[in-house]
Amino acid sequence: MKNNQSLRDDSFTPTEFISVVNQTLDYAYSSVLITGEVASYKVNQGKWVFFDLKDEESSISCFMPLWDLRMPLEDGMKVIVRGVPKITKWGKFSFTVSVVKPVGEGSLKKAYELLKKKLEAEGIFDQAKKRPIPEDLTKLGVISSTGAAGYADFVKIINARWGGMKVFVAHTQVQGLDAPDQIIRALQYFNEHGNVQMIAILRGGGSADDLSCFNDEALVRAIAASKIPVITGIGHEVDESLSDLAADVRASTPSNAAEMLTRDRAEIKGKIIRSVGRISQITLQEIERALADSRSSIEGIMKKSLEQINLARQQNVAQLRRANSLIKAKYIDPVLESNREKIRRSLERIKTEYERIKNSIEQKSKLLEALNPETILSQGYAIIAGKISPGSVVKITTLQQIIDAEVKKIEERNNNE
Amino acid sequence: MSEKLTLNQKINKLDGEVEWFYSDDFKLEEAAKKYKAAVALAKDIESDLNELKNEIEVLSEDFSK
Chain A
1 MKNNQSLRDD SFTPTEFISV VNQTLDYAYS SVLITGEVAS YKVNQGKWVF FDLKDEESSI
61 SCFMPLWDLR MPLEDGMKVI VRGVPKITKW GKFSFTVSVV KPVGEGSLKK AYELLKKKLE
121 AEGIFDQAKK RPIPEDLTKL GVISSTGAAG YADFVKIINA RWGGMKVFVA HTQVQGLDAP
181 DQIIRALQYF NEHGNVQMIA ILRGGGSADD LSCFNDEALV RAIAASKIPV ITGIGHEVDE
241 SLSDLAADVR ASTPSNAAEM LTRDRAEIKG KIIRSVGRIS QITLQEIERA LADSRSSIEG
301 IMKKSLEQIN LARQQNVAQL RRANSLIKAK YIDPVLESNR EKIRRSLERI KTEYERIKNS
361 IEQKSKLLEA LNPETILSQG YAIIAGKISP GSVVKITTLQ QIIDAEVKKI EERNNNE
Chain B
1001 MSEKLTLNQK INKLDGEVEW FYSDDFKLEE AAKKYKAAVA LAKDIESDLN ELKNEIEVLS
1061 EDFSK
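Just so you know, the protein sequences line up as chains A and B, in that order.
Residue 1 is where the first sequence starts when you use our numbering, and the numbers rise one by one after that.
Residue 1001 is where the second sequence starts when you use our numbering, and the numbers rise one by one after that.
The shape of chain B in the complex, shown without the other chains:
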């Protein structure tokens, strides 16, 4: 079961995945798998960026009293 991440969490996760490619942990054997995962996550983020809207709710409380 995949965890439900917020857009920022997805972006941070992608940053972490990209960082792996620059780190000493980089292994060519794992790179293809990691690259595919990063591309999939990037597409997911782009989709979110295109589709997600802010939800604005004006509170019903009366702050004048």
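Bound conformation, chain A alone:
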């Protein structure tokens, strides 16, 4: 009896036992990762997810709230789950899952395509919602693992290209089951503090499995819902995550994100030098043009002035001519006419006097001619010179001859006979 009594005292009620077992399980397996294939997947009441996780030999019943399921599940998909083992109040073993993630190329691809289709239908990736990189980016939030090579590349490039930017870095995991929640918390931090203009989510290259955290539904939704524009630089050029599709700007790599977010100081310097040179050239051209215009204007003014001067001169000449004509007609011509009459009369008098003198000279010339001895001789007369006395010799001159003759007799001549 005593043994029976003792046995009863040490026994558990079913509830107590389940509770003890669960405590023991929780202590021993507070967080367990199990990889297996999904089977018998179903959602009850729109809230509870049930599926079996199996391999070739065994199967574990899994349970999780629907809101913790951040990827589409289908039977046959290979997944890794994190959770805790538990005995239900009905005494059945169950595995309560907190995180589920696809593994293996086929499952990753399948999960990606299913979630992409779902989110596309909701408009999560709409291009119309995309916001550009702010023009004057001076405050940047970065979400990355500070130990990752991709982050180091990013920092190196932004420092080489640009300066004067304040960069706040949220250090998070960028792969693994915890990465999505950490990145979401960092996104929330920047959105709540509002002290950055853009958020860059960076992660260097990796395997499809490494990068699969960026296909987490909650993370994709958080990126799409961010009040602050998000740029992603995840993996390599060929890698396209759903986070990339949800982001406002997608850079192919962290280095590419650095290039897209910053301007190249060397390029800016070159542009500034070219700009200053160009405006100097423009100013000089305008000065030359203004000088040419001024020269042209001055030439035009000079030409017009000369034309006016010529016109005025021509008008003056005409006026002078008219004035001359008037003066000539009024003052000079009458005087000339008057003088001309006087001259004419003087000439008349001179002419008369001349005629008179001329006649007088002619008369005297005739008289002289008549008195000329030669003229008398030519009329047959002779000139006797010498003493006229009988016996004297006298010289007789005729027209043709000079004769010496002796006077023989002298008789007086009677003129009245």
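In case anyone wonders, no lab produced these hints; they're calculated from the structure.
Treat the hints with care, as some may be off.
[Said to hold, decoys possible] Heads up, simulated DSSO-like pairs for lysine-lysine below, C-alpha to C-alpha not over 30 Å straight-line:
| no. | chain 1 | residue 1 | chain 2 | residue 2 |
| --- | --- | --- | --- | --- |
| 1 | A | Lys271 | B | Lys1013 |
| 2 | B | Lys1036 | A | Lys271 |
| 3 | A | Lys130 | B | Lys1010 |
| 4 | B | Lys1013 | A | Lys156 |
| 5 | A | Lys166 | A | Lys227 |
| 6 | A | Lys227 | B | Lys1004 |
| 7 | A | Lys139 | B | Lys1043 |
| 8 | A | Lys271 | B | Lys1034 |
| 9 | B | Lys1027 | A | Lys269 |
| 10 | B | Lys1033 | A | Lys271 |
| 11 | A | Lys166 | B | Lys1043 |
| 12 | B | Lys1036 | A | Lys156 |
| 13 | A | Lys116 | A | Lys47 |
| 14 | A | Lys78 | A | Lys54 |
[Stated by the list, open to error] Derived CB-CB ranges, DEER-like:
| no. | chain 1 | residue 1 | chain 2 | residue 2 | range |
| --- | --- | --- | --- | --- | --- |
| 15 | B | Asn1012 | A | Leu33 | 47 to 55 Å |
| 16 | A | Asp9 | B | Ser1064 | 40 to 48 Å |
| 17 | B | Lys1036 | A | Val317 | 52 to 60 Å |
In this text, a Cβ means the ideal position worked out from N, Cα and C, and glycines have one as well.
Start from chain A and add chain B according to the hints.
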């Protein structure tokens, strides 16, 4: 008192000043003054480009919790 401009704001301001030379607002009487201002701003920007560093601060917040 001169306004404190960021490097990008200075570059944008210079772009605007350069644009004036290409615009219909260009006046030769003002060009020399504008040119001097643009050159001074260009030197300021070049100095900033040579000297300004990015300030990188890793947040102390623990995002794993």
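Hints not upheld, ascending by number
Violated hint (a single one): 12; every other hint is consistent with the structure.
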